[in-house]
Amino acid sequence: MVFRREAEGEIKEVRDCKIAVFSCPVDALHTETKGTVLLTSADELTQFSKGEENLMEKGSGVTSSQILRGMVFRREAEGEIKEVRDCKIAVFSCPVDALHTETKGTVLLTSADELTQFSKGEENLMEKHMQAIADAGVKVVVSGGKIGELALHYANKLGIMLVRLSSKFDIRRLCQATGAVALPRLTAPTAEEVGHVTHVRTDEIADASVVIFEQDVHEGSVVTILVRGSTDNIMDDVERAIDDGVNTFKCLTRSPKVVAGAGATEIELARRLLSYADTLTGLEQYAVREFARAFEVAVRTLAENAGEKATEIIAMLYAKHESGQHHTGLVTKPGGEVEVGDSVKFSILDTHLLKRWAIRFATDAACTVLRVDQFVYGNHIYHTDVCLTALRPRYQRMLDGHYLLGSRFSCSSRPSMTVTAQTSPDVNSDPFLLENPLEAGPVEDPDDPLDPSFFDVVDSLEGGTNDSPDLYSVLGVPRDADIATIRTAYKRLSLLLHPDRHTSSSTGDSNSVPNRLVVADAEAAFGRVSTAYAVLSDPAKRRIYDAYGHEGLQVQGWEITGCEKSAPEMRLEYLMLKQKAKAEKQLQLTQPSSEFALGLDLTDVFDRYLEEPIEERTVRPKPSVNQLTLAQSVTAGLTTRNAVTLAGQVTAHNGLGVGTWMLMWRHHCGKRSLLSFTTIDSEVSYGRGGRGLGAGVRLRRAFGDRFVGNLGFSLNSAGSQAQSRISLIPGISTGWHIQLLPRTQARIEWRWNLDPGLSAEVLWSSEGDEYAVRLSTRLSAIGRAGVALRLEKTVLWSWLNPPRGSGAGKGEETHSWNSTPDWAKDDEEELEIHSGKHGRIFGSVDVNTVDLVELTVGAQCSVSLYSRLSGSLSFSFQRGVNLRISLLRGTQSYSLPIILSEQPNRVAAGYGFVVPLLLFAAFRTLVYEPYLNRQLERAQVSRRAKLRNELIRRRREALSTQELMKHTANRIRESEAAVGGLVIVQATFGYIPPVDSEQKLSDAGGPLNFDVTIPLQALVEQNQLRLPPGRWSDIQGFYDPCVGIVRLPGQKGVLRQLHVVYTFHNTPHEVIADESQGLAIPLAKHKIETL
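Okay, so the sequence shown: first residue is 1087 according to my numbering, each after it adds one.
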C-alpha cells in the first residue's frame, strides 16, 4: 500500500519488521492537578512583577515547591541535543531558516544535474550560516520563529542545541537573564551579542516537557519559583503571599522604616490633627476636623470586618492614645481573638513608605476635588482649600519623624539588595553647572529702575520669542529636502529614539523607576521626531508650514494651556495693558502735535571784529536769542467722517510778537452724497500770514489712482489805519498731484489774488529710497522767482546709523508714527520723502531773485525708535551762514536755528560744519552708546536670570536624549575607529570664545555652551557627517544655551557656533562652523598642521 505521508522521525527505512497500530495519540497523558511558576529576581526584586509566568501542570502538595536558579519555559528542544553545560547562547528574533524572496519566480530545470545543484545551493548557504554560528562558540541557539529542517540537520551535525520561543516577552526575559542580545536576522553574533548559561537541559515537571536554563549562583540574576498544589485556590493563595512578601521587602529596601499597624498610626494622626484644630479660629477648624476624621476610615473598616462596633473601638483607641499609648490598635491575636492592644508587641507593623505615599495621594486627590469645587461654586470652599494646604507640611513632619518607632527593620537575614530610584535631577547636582558656577545677576536698584522698553529691544535683537522648533532641524534635513530624504532621516532617528529600543534597562525591569524615566524620555524625543515627520511628509501641511510656520498649523481653535503667572501678576499685566490701550486710544483721538523753535544769534563771534572799533570790543562775545516759536495743535474725532482741529502759534522775533490761531472742520463725503469721495476742509483763522480774521473752504478728491485735485476758496480781512474800515481780500487756489511714474511724482498749484503765484515740483526716488531728487520752481506776482534742486542719499555710515539698543537699529522692531494732520503742513507743502532708519545726507542749490544763490548741506539720522536728529548748514550771499539743528520725536518738533554770520564768511562756515560733527560724535561715543550698552546688559542679565529654570529644563531634556543615543554613538565610534574613519573627539555648541579670550562661559542664566559629542557621533554615516543650515538647537540632543543673549558692541566671539574636534584616518582635524553656513566633515582644510 502507498500513503501520501512522510515519516515523522529520522528513521526512514526498515526491512522485515513487526508493526503496531494505535488509535490514540502517541503522547504523554495530561493530569488534573496544576502548578504555578513565578519568576523573580535575587538581586533586583523590583523585577518581580515583570517576570511572572504560570504553568498549569499536574503535581503534588505545596511542600513539593522548589526554587530553580534560572528560567523555565514550557517548550521542548527541537533537535537531538537535549543538554549542554557551560556554553554560549545566541538569541535570534527571526526564524532559523532560509529566507524566502518577496516576489515569486520561475526556475527552468532541464536536467537532473541542474536540479541537484539548485538544491545544494540552499543547503550550502544554511551550512555556512550554522558553521559561522558554531565558530563563534555558540552551543545553544534560541529562535523566535520557526526552525527549518536544514537548520535542524546542521545543528545536530555541529552539536548545537535549538530552542524555539514563540513569545517575544520570553525572548526578552531570556536575554536579560543570560546577557545576550536578540538579533533581528540570522548572522554570526559578535562577542558582545552572545550570552552565557551554566546548564541548559530538558526535563519533565508534572508530565510537562520544559527547557530549563540554569545559571551559576554568582552569575545569575533570575530565579524561578515552582509552586505545586492540588487546586487553583491553594496556588492562588500561595502566589498572592509570595507577591505580597516580595513587594514588602522591596519597600523596605527603599526605606527601612516601619510604623505601628492595626490602625494605630491613623488614630494618632487623627488625634494630633484634632488638637491642632482646637488652636485655629473661624471656618478653618472645621476643615481640619473633617480632615482628621478621614483617618478614622481605616480603623472603622478593620472593626467592621472583625464584627466589632466601630464607634466603641474608635473611642477606646482615642482614650488609649490620649494616655500616651501611641502604638495601640485593633489587634488580632494568633487564636483569632480581637482586642485593643499594643500592635508593636504583637509585631503588627506597616511600612513607612507605603503609608506615607497612601496618605499623600489621598490628600492630593481631596485637594484636587476641592479646587474643582472652588472653580465651580466660587469662593465658598476657599477656606477649606487653604486649610488643607496649610496642613500638608504638618502631617508630612509627622510621617517623616514625629511618629516613628525609633527602630529600623533589620534585614540581616535577607539577601543584600539595593533599589535605586532616579528622581528629578537637582540643579545643584548637575556636574556641568558645578564646573561652571552660575553668577547671580545684579540686584535692581530701586532708585534706578530699568526701562521696560529695553526688554523689547533684547527680544528684537535676538530675533523674537518664537519657541516653536524648526521641524527641518529636528529631522536634520535641509529645507529643500525631498520626501525620500525626509523618510530616510525619520527612519534613522527612529532607530535611535524609538521607545521600544529603551523599554528594558540594565536591570531588566521595565517597571522600575529608572527605566520608566528612560522610556518617558524616549517617548518625548520620539514624539518630537514623529511630529516633525507628520508635518513634513504631508505636502499640504509642509506648504503651510513653509509659508506661515507653526501658527499656520494651529488654526483649529483655542487651546487650553497652563498658566505660569500668579493672579496678582496677571491682574497687574491686565491693568498695564488696559492703561496702555487707553493712552493709545486717547492719542489716536486727539492727535496732538507741538513745535518749539529757539533762534540764536552768534554773529558776535565771527563778525564783531569787522564792525566794532578796537576800543568798543568786549573780551567775550555775547550770543543772543532773536527768535522763539511755540505751536500746539489738537484734533478731536467727532464721528467716523467728521473731525475738528484747533491750533495755535506764538512767535517772538527781534522784540515783536505775533499770535495765530485756527479752527478747522474736516468732513469726508460718503459714496451716496453729491460730492462723493470728496474731503471738505472748512477753516476759520486769525493772524495767518499777517492778516486778520479769515475763513476758507478747500475741496480735495482723487480721480483714479494717479490724479488728486484740490480747489480752495478763502476770504481774509486786512486791517488799516482807519479803524472804521475793513478790507476783505478773496482768494482762489487750485492744484493737481500727479503720479507720473511708479517712482516719480509731480505737483502744480496756482493761487489768485491772495498770495498769488505759480509753483511746481517734481520728485523722483530710487528703489528702496536710496536716492532721491527734488526739482522745484516758483513764481510770484510781485516778481520773485526761483529754482531749487535737492539731492538726498541713504548712507550706511556707522556714525549716522541708529546705535544698538536705541530701538531703531538693525534687527530691532520699528514702526512709523505719523499723526500729523494735513492742515498742519504749510500752504506751500512739499512732497514727502519717506526715509528709513538709516542715515541720510542731502545737499541743495537754490537760485532765486532774493538770495541769488544759496547752498545747503546736511545730514539726518535716527537716534531712537521715535526720534530723528538732523542738521543743516546753509551758505548764501544775502543771508550769510546759518546752522539749523532739529530733533523730531513722534509728533513733537524741536528746532535750534543759529545765525553764525550775516556775511558769506568761510571761517564761520568751517566752524559750523566741523564743530557740530565733533560734538555729535563725542556725545554719541562717550555718553549715548555707553548708556545704551549698560541698559542692554542689565536687560540681558535680568532676562537670563528669568530664563534660568527654562534653560535648565531644556538642558535636562537634551541630556536625556543624549543618554538614549549613547549606546549607538559608542558603537559607531568603535566601528569608525576600527577602519580609521570619522571619530568625534569633542564637540561644543553655543558661545565659542576666542582662544586668547578670558570671558566667562556662564552667566546668570547658566552655561553658555553645551557638549554635543554624543549626538554628532550618532549622526555619522559612512565616514561623513552633514548638518544643513538651520536652527541647530532643535537637533536631537542639542539645546540653545544662549537664549536671551545679544551680541553687544566690543564683545568678541559669535553666538551659536559649533566647535568640532575630530579624527579622520587617525589625523586630528578641527573646525568652527556657524549654523547659518552648515557643517560638512571631513574636509582636508580642517586638518591640524603640526610643526
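Hints are computed from structural coordinates only; laboratory data are not their basis. In this text the structure is predicted, and so the values were computed from the model without any measurement. Here a beta-carbon is modelled for each residue, glycine too, at the ideal position from N, C-alpha and C. Keep in mind that the hints are not guaranteed to be accurate.
[To be verified] In silico lysine to aspartate or glutamate, EDC-like type, Cα no more than 16 Å apart, as pairs:
#1 LYS1174 <-> GLU1300
#2 LYS1879 <-> GLU1856
#3 LYS1225 <-> GLU1290
#4 LYS1254 <-> ASP1586
#5 LYS1395 <-> ASP1436
#6 LYS1708 <-> ASP1693
#7 LYS1225 <-> GLU1166
#8 LYS1174 <-> ASP1302
#9 LYS1225 <-> ASP1293
#10 LYS1879 <-> ASP1855
#11 LYS1168 <-> GLU1278
#12 LYS1098 <-> GLU1235
#13 LYS1206 <-> ASP1172
#14 LYS1336 <-> ASP1436
#15 LYS1243 <-> ASP1221
#16 LYS1627 <-> ASP1586
#17 LYS1174 <-> GLU1099
#18 LYS1225 <-> GLU1169
#19 LYS1232 <-> GLU1164
#20 LYS1419 <-> GLU1394
#21 LYS1879 <-> GLU1853
#22 LYS1708 <-> ASP1690
#23 LYS1627 <-> ASP1568
#24 LYS1214 <-> GLU1200
#25 LYS2171 <-> GLU2156
#26 LYS1923 <-> GLU1847
#27 LYS2052 <-> GLU2023
[What the hints assert, rightly or not] Have a look at the derived ranges for each label pair, beta carbon to beta carbon:
#28 HIS1282 <-> ALA1218: 53 to 63 Å
#29 GLU2043 <-> GLU2107: 23 to 33 Å
#30 ARG1727 <-> TRP1838: 22 to 32 Å
#31 GLY1996 <-> GLY1775: 33 to 43 Å
#32 TRP1838 <-> LEU1760: 19 to 29 Å
A quick look at each hint next to the structure:
Between LYS1174 and GLU1300, the direct Cα distance comes to roughly 13 Å. Compliance with the 16 Å bound is thereby established for this hinted pair. For the hint pairing LYS1879 with GLU1856, the CA-to-CA distance comes to about 6 Å; that is within 16 Å, so the pair holds. A threshold of 16 Å between alpha carbons decides the hint, and for LYS1225 with GLU1290 the separation of about 22 Å lies outside it, so the pair is violated. Taking the CA atoms of LYS1254 and ASP1586, the gap is about 12 Å. The hint holds against a cut of 16 Å.
Our distance criterion of 16 Å between C-alpha atoms is broken by LYS1395 and ASP1436, whose separation comes to about 24 Å. For the proposed pair LYS1708 and ASP1693, the alpha carbon gap of about 12 Å is at most 16 Å, so the pair holds. Using a Cα cut-off of 16 Å, the hinted pair LYS1225 and GLU1166 holds, with the two alpha carbons roughly 13 Å apart. The suggested pairing of LYS1174 with ASP1302 holds, with an alpha-carbon distance near 14 Å, which does not exceed 16 Å.
Taking the CA atoms of LYS1225 and ASP1293, the gap is about 27 Å. The hint is violated against a cut of 16 Å. Under the criterion of a C-alpha separation no larger than 16 Å, the hint pairing LYS1879 with ASP1855 is consistent with the structure, at around 8 Å. Distance check on the hinted pair: LYS1168 and GLU1278 sit about 26 Å apart at the alpha-carbon level, beyond 16 Å; violated. Proximity of LYS1098 to GLU1235 is assessed by CA-CA distance (about 15 Å); at most 16 Å being required, the pair is judged to hold.
Between LYS1206 and ASP1172, the direct Cα distance comes to roughly 34 Å. Violation of the 16 Å bound is thereby established for this hinted pair. About 13 Å separates the Cα atoms of LYS1336 and ASP1436, which keeps this hinted pair within 16 Å; it holds. Between the alpha carbons of LYS1243 and ASP1221 the distance comes to roughly 13 Å, so the proposed pair stays at or under 16 Å and holds. Restraint check: the Cα-Cα separation between LYS1627 and ASP1586 comes to about 28 Å, which exceeds 16 Å; the hinted pair is violated.
Distance check on the hinted pair: LYS1174 and GLU1099 sit about 36 Å apart at the alpha-carbon level, beyond 16 Å; violated. Distance check on the hinted pair: LYS1225 and GLU1169 sit about 10 Å apart at the alpha-carbon level, within 16 Å; holds. Taking the CA atoms of LYS1232 and GLU1164, the gap is about 10 Å. The hint holds against a cut of 16 Å. Straight-line distance between C-alpha atoms of LYS1419 and GLU1394 comes to about 15 Å, which keeps the hinted pair within the 16 Å bound.
Only pairs whose Cα atoms come within 16 Å are accepted, and LYS1879 paired with GLU1853 is accepted, the gap being roughly 12 Å. Note on LYS1708 and ASP1690: the hinted pairing holds, with a Cα-Cα distance of about 6 Å set against a maximum of 16 Å. Straight-line distance between C-alpha atoms of LYS1627 and ASP1568 comes to about 14 Å, which keeps the hinted pair within the 16 Å bound. Restraint check for LYS1214 and GLU1200: not satisfied, since their Cα atoms lie roughly 21 Å apart, outside the 16 Å limit.
Distance check on the hinted pair: LYS2171 and GLU2156 sit about 9 Å apart at the alpha-carbon level, within 16 Å; holds. Distance hint between LYS1923 and GLU1847 is unfulfilled; the C-alpha atoms sit about 26 Å from each other, more than 16 Å. Restraint check for LYS2052 and GLU2023: not satisfied, since their Cα atoms lie roughly 38 Å apart, outside the 16 Å limit. Separation of HIS1282 from ALA1218 is about 19 Å and departs from the stated range, judged on CB atoms against 53 to 63 Å.
At roughly 25 Å, the beta carbons of GLU2043 and GLU2107 sit within the given window of 23 to 33 Å. The supplied range of 22 to 32 Å is met by ARG1727 and TRP1838, whose beta-carbon atoms lie about 30 Å from each other. The given range of 33 to 43 Å is respected by GLY1996 and GLY1775, whose C-beta atoms sit roughly 37 Å from each other. TRP1838 and LEU1760 have their C-beta atoms about 25 Å apart, which keeps the hinted 19 to 29 Å range intact.
The earlier numbered hints that this structure contradicts are 3, 5, 9, 11, 13, 16, 17, 24, 26, 27, 28.
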